[in-house]
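Each protein sequence line maps, in turn, to chains L and Z.
Residue numbers for the first sequence follow the working numbering, beginning at 178 and rising by one.
Residue numbers for the second sequence follow the working numbering, beginning at 16 and rising by one.
Keep in mind that the hints were calculated from the coordinates and are not lab data.
Given the structure is predicted, the values throughout are model-derived calculations rather than measurements.
Possibly wrong hints are sitting among the right ones.
What the hints assert, rightly or not - If you only want the chain L side, here are some residues facing chain Z, beta carbon under 10 Å, derived: (1) R188; (2) V189; (3) I192; (4) V210; (5) I221; (6) L772.
As the list claims (entries may be wrong) - Listed next, the in silico DSBU-like pairs over lysine-lysine satisfying Cα-Cα at most 35 Å (straight line): (7) L:K442 with Z:K48; (8) L:K264 with Z:K48; (9) L:K619 with L:K361; (10) L:K619 with Z:K48; (11) L:K547 with L:K358; (12) L:K182 with Z:K44; (13) L:K182 with L:K263; (14) L:K358 with Z:K49; (15) Z:K44 with L:K442.
Where is the CB? At the ideal position from N, CA and C, for every residue including glycine.
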Amino acid sequence: MSNEKQSWGTRVGLILAMAGNAVGLGNFLRFPVQAVNNGGGTFIIPYLVCFFLMGIPLLWIEWSTGRFGGRNGNHCTPFILDNMGKKRLWKYIGVFGIFTNIAVAAYYTYIESWTLSYVFHSLKQSFSGLNQFEVANLFGSYVDLNTNTMGIPFEPVVLYIFCLAINVYILSKGLEGGVEKVAKIGMPLLIAFGVFLAVRGLTLGSNGAPEGCTDCNAFLGLDFLWKPDFSNLWDAKVWLAAAGQIFFTLSVGMGTIHCYAAYVKPKQDVALNAMAAGWMNGFVEIVLGASIVIPIAVGYLGLDWVKENASFSMAFQTMPYLFGKWGTALATAAGFMWFGLLFFAGITSSLAMGTPWMGFMQDEFGYSIKKSAITFGIVTLIMGLPTVLFFQEGVFDQYDYWAGTVVLVVFALAESILFGWIFGIDKGWDEINQGADITLPKIYKPILKYITPTMLLIIFIGSLVLPKNNDWEKAFKEEWVFDETNSIIGQINNSDIKQNRDWFSTVYESPTDGIVKDVIPGGEGILPLIVIGELPKSPLISTDELKPIPTIKQIELNNTDDIINVKPGQTIQAGMPIASGWHINPIFYRGFARLMLIGLFVYLALLVRIANKKRKSNV
Amino acid sequence: MSTSALTTMILTQLFVTAVTGYFFYKVLKTPNKKED
Numbered sequence: 178m179s180n181e182k183q184s185w186g187t188r189v190g191l192i193l194a195m196a197g198n199a200v201g202l203g204n205f206l207r208f209p210v211q212a213v214n215n216g217g218g219t220f221i222i223p224y225l226v227c228f229f230l231m232g233i234p235l236l237w238i239e240w241s242t243g244r245f246g247g248r249n250g251n252h253c254t255p256f257i258l259d260n261m262g263k264k265r266l267w268k269y270i271g272v273f274g275i276f277t278n279i280a281v282a283a284y285y286t287y288i289e290s291w292t293l294s295y296v297f298h299s300l301k302q303s304f305s306g307l308n309q310f311e312v313a314n315l316f317g318s319y320v321d322l323n324t325n326t327m328g329i330p331f332e333p334v335v336l337y338i339f340c341l342a343i344n345v346y347i348l349s350k351g352l353e354g355g356v357e358k359v360a361k362i363g364m365p366l367l368i369a370f371g372v373f374l375a376v377r378g379l380t381l382g383s384n385g386a387p388e389g390c391t392d393c394n395a396f397l398g399l400d401f402l403w404k405p406d407f408s409n410l411w412d413a414k415v416w417l418a419a420a421g422q423i424f425f426t427l428s429v430g431m432g433t434i435h436c437y438a439a440y441v442k443p444k445q446d447v448a449l450n451a452m453a454a455g456w457m458n459g460f461v462e463i464v465l466g467a468s469i470v471i472p473i474a475v476g477y478l479g480l481d482w483v484k485e486n487a488s489f490s491m492a493f494q495t496m497p498y499l500f501g502k503w504g505t506a507l508a509t510a511a512g513f514m515w516f517g518l519l520f521f522a523g524i525t526s527s528l529a530m531g532t533p534w535m536g537f538m539q540d541e542f543g544y545s546i547k548k549s550a551i552t553f554g555i556v557t558l559i560m561g562l563p564t565v566l567f568f569q570e571g572v573f574d575q576y577d578y579w580a581g582t583v584v585l586v587v588f589a590l591a592e593s594i595l596f597g598w599i600f601g602i603d604k605g606w607d608e609i610n611q612g613a614d615i616t617l618p619k620i621y622k623p624i625l626k627y628i629t630p631t632m633l634l635i636i637f638i639g640s641l642v643l644p645k646n647n648d649w650e651k652a653f654k655e656e657w658v659f660d661e662t663n664s665i666i667g668q669i670n671n672s673d674i675k676q677n678r679d680w681f682s683t684v685y686e687s688p689t690d691g692i693v694k695d696v697i698p699g700g701e702g703i704l705p706l707i708v709i710g711e712l713p714k715s716p717l718i719s720t721d722e723l724k725p726i727p728t729i730k731q732i733e734l735n736n737t738d739d740i741i742n743v744k745p746g747q748t749i750q751a752g753m754p755i756a757s758g759w760h761i762n763p764i765f766y767r768g769f770a771r772l773m774l775i776g777l778f779v780y781l782a783l784l785v786r787i788a789n790k791k792r793k794s795n796v
Numbered sequence: 016m017s018t019s020a021l022t023t024m025i026l027t028q029l030f031v032t033a034v035t036g037y038f039f040y041k042v043l044k045t046p047n048k049k050e051d
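Whole structure, please, built from the sequences with the hints as guidance.
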């Protein structure tokens, strides 16, 4: 065991770090989009019910489990769960508590690097004078390795490594000297920036409406977001969305809360601390998150546009354009604050993701804080580089889906069963109440044992067999067709990929119906390109021109010597061979991403096995 | 903005702000326990 004993400097620092761990980009981007898509103002009812029945219990489980582990010298989940479960299996379930953090940090740090780059671009006024599509395209240029927006070669890779290095540096300063300090600076700044932008969102009204746009009014956005439609309360989809939002916003099921709480001294409170951190996350999400993106976007682009296009990517592809409407000085300040806010939300979370690995290496292999931080950086870099290099091929999305979504639910379900049924609810209840500075309502004892695991089980099964278009009513009453993109079964089978289903092939099948607009043969340093005009499915409306933008699909082939077999003007169908030559298909990158994740899990499981042997030989 | 939307927004945001403030205040006011 390492000689460097770590602990939190102050209680406020611990709560800010925990809240910082929970507050992420999802608070500002995922919550309002979920609310818009699930009944507007009514969404808050299932949201709060799920918070009380699943969020708070999980917070108490993880905080108390962590402190229990810390009391026994364990600072990460494999040996904490092992201590509670007394069966070998729990050690390996606990591996998820390190695995998820490294896998998520691998791509999350990449998002952080986008925010950092956009802070720079805001200060440099790069968005000034650009229209909506040029702003959106700047993001495409940023993630493309062949172009750069700041004059730095391989810009996304360089900035990614830079961001990871910042994380490693802060982590190497330890909990009190690094993580806690950043939380104490970052969280108040995040809230201050959020308040500024929220005030703009709440007072914008129709001041920004372009000529001819009748539904461009921020109040319409707020109305849409908050108007209750009680008929939605009976929709299973809305409840599942609310449960999912609560789950992801609190960062439960990851292993980070356990690790942070493991450094709480044995007699100190966890019950009140958990409530303070959890509600602070709720404040950032409900009060600030709901008052920024949706009202501002509706104020300039209209309600119909937002209904059609509300998504995570608005943060980078739309917001800078909207800030540009406020005049140069305010646009610069707003851009700096918006991306600064997202950066602080990101880094306070990614720092938390570094601590389980560090705790494990310090506990089991006697690493120093510095050495464990550096090794975290190396492992994360190895895992993360593919998400940067093959971002457009979908590696990033695979990490997010499996490590950042599915595994969290599985782990939380397992730990709630362990806590309520194996460790025992009586012992668990005593553990939460030990040193508590608040009186816990007794009703939570049966909730912890029965309701929380049941809700998690429903979420898991719901994700496993998610019906097409999230239409549960149709699935129960008529035919159950899996959602090909979002259900776990659909993902495992890659059901959403209809063409080019081999990892490698010698012909390339068209992924879409349409008319060939242009073909550009390959040459030295030029990859062949086929431009297909698709029938517009959901045309984007440019407020600059107020006319539909045709949907164009550009297919860039892998090799300069690929032969294109179609001509401009030719009508093609999905599945038709349109080029020949040796191809790496997108499905390969999915398989590669999954192998990387499996490899990481196996590596960590082996480390846990070695650590376990070491422990036994030391007894 | 309709009255129902405005009411839902104000009540929800006031409730969440008040509860957050209450717990944070309680944290600041409660002294740490002494470890043996």
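(request) Under 10 Å, Cβ to Cβ, is where L:L772 needs to be relative to chain Z, so tell me if that hint holds or is violated. (result) Check failed: Cβ of L:L772 comes no nearer than 43 Å to chain Z, outside 10 Å.
(request) Compare the distance between the alpha carbons of L:K182 and L:K263 with 35 Å, and conclude whether the hinted pair is satisfied. (result) holds, 26 Å
(message) Can you confirm whether the C-alpha distance between L:K264 and Z:K48 stays at or below 35 Å?
(response) holds, 34 Å
(request) Return the status of the interface hint for L:V210: holds when the least beta-carbon distance to chain Z is below 10 Å, violated otherwise. (result) violated, 17 Å
(request) Given the hint that L:K619 pairs with Z:K48, test it: the Cα-Cα distance must not exceed 35 Å. (result) holds, 24 Å
(message) Checking one constraint from the list: CA of L:K182 to CA of Z:K44, max 35 Å. Satisfied?
(response) Satisfied, since the Cα-Cα distance of roughly 27 Å is no more than 35 Å.
(request) Using 10 Å as the Cβ threshold, decide whether L:V189 counts as touching chain Z. (result) With a closest approach of 7 Å, the L:V189 hint holds.
(request) Assess, step by step, whether the Cα of L:K442 is no farther than 35 Å from the Cα of Z:K48, and give holds or violated. (result) Holds: L:K442 and Z:K48 sit about 9 Å apart, inside 35 Å.
(request) May I ask you to test the interface hint for L:I221 with respect to chain Z, counting a Cβ-Cβ separation under 10 Å as satisfied? (result) This hint holds: L:I221 lies near chain Z, its Cβ roughly 5 Å from the closest one there, short of 10 Å.
(request) Starting from Z:K44, check that the Cα of L:K442 is at most 35 Å away, please. (result) holds, 19 Å
(message) Next pair to validate is L:K547 with L:K358; report whether the Cα-Cα distance is within 35 Å.
(response) holds, 17 Å
(request) Measure nothing beyond the straight line between the CA atoms of L:K358 and Z:K49; if it is 35 Å or shorter, mark the hint as holding. (result) Between L:K358 and Z:K49 the Cα gap is close to 24 Å, so the pair holds against 35 Å.
Checked against the numbered hints above, the structure violates hints 4, 6; every other hint is satisfied.
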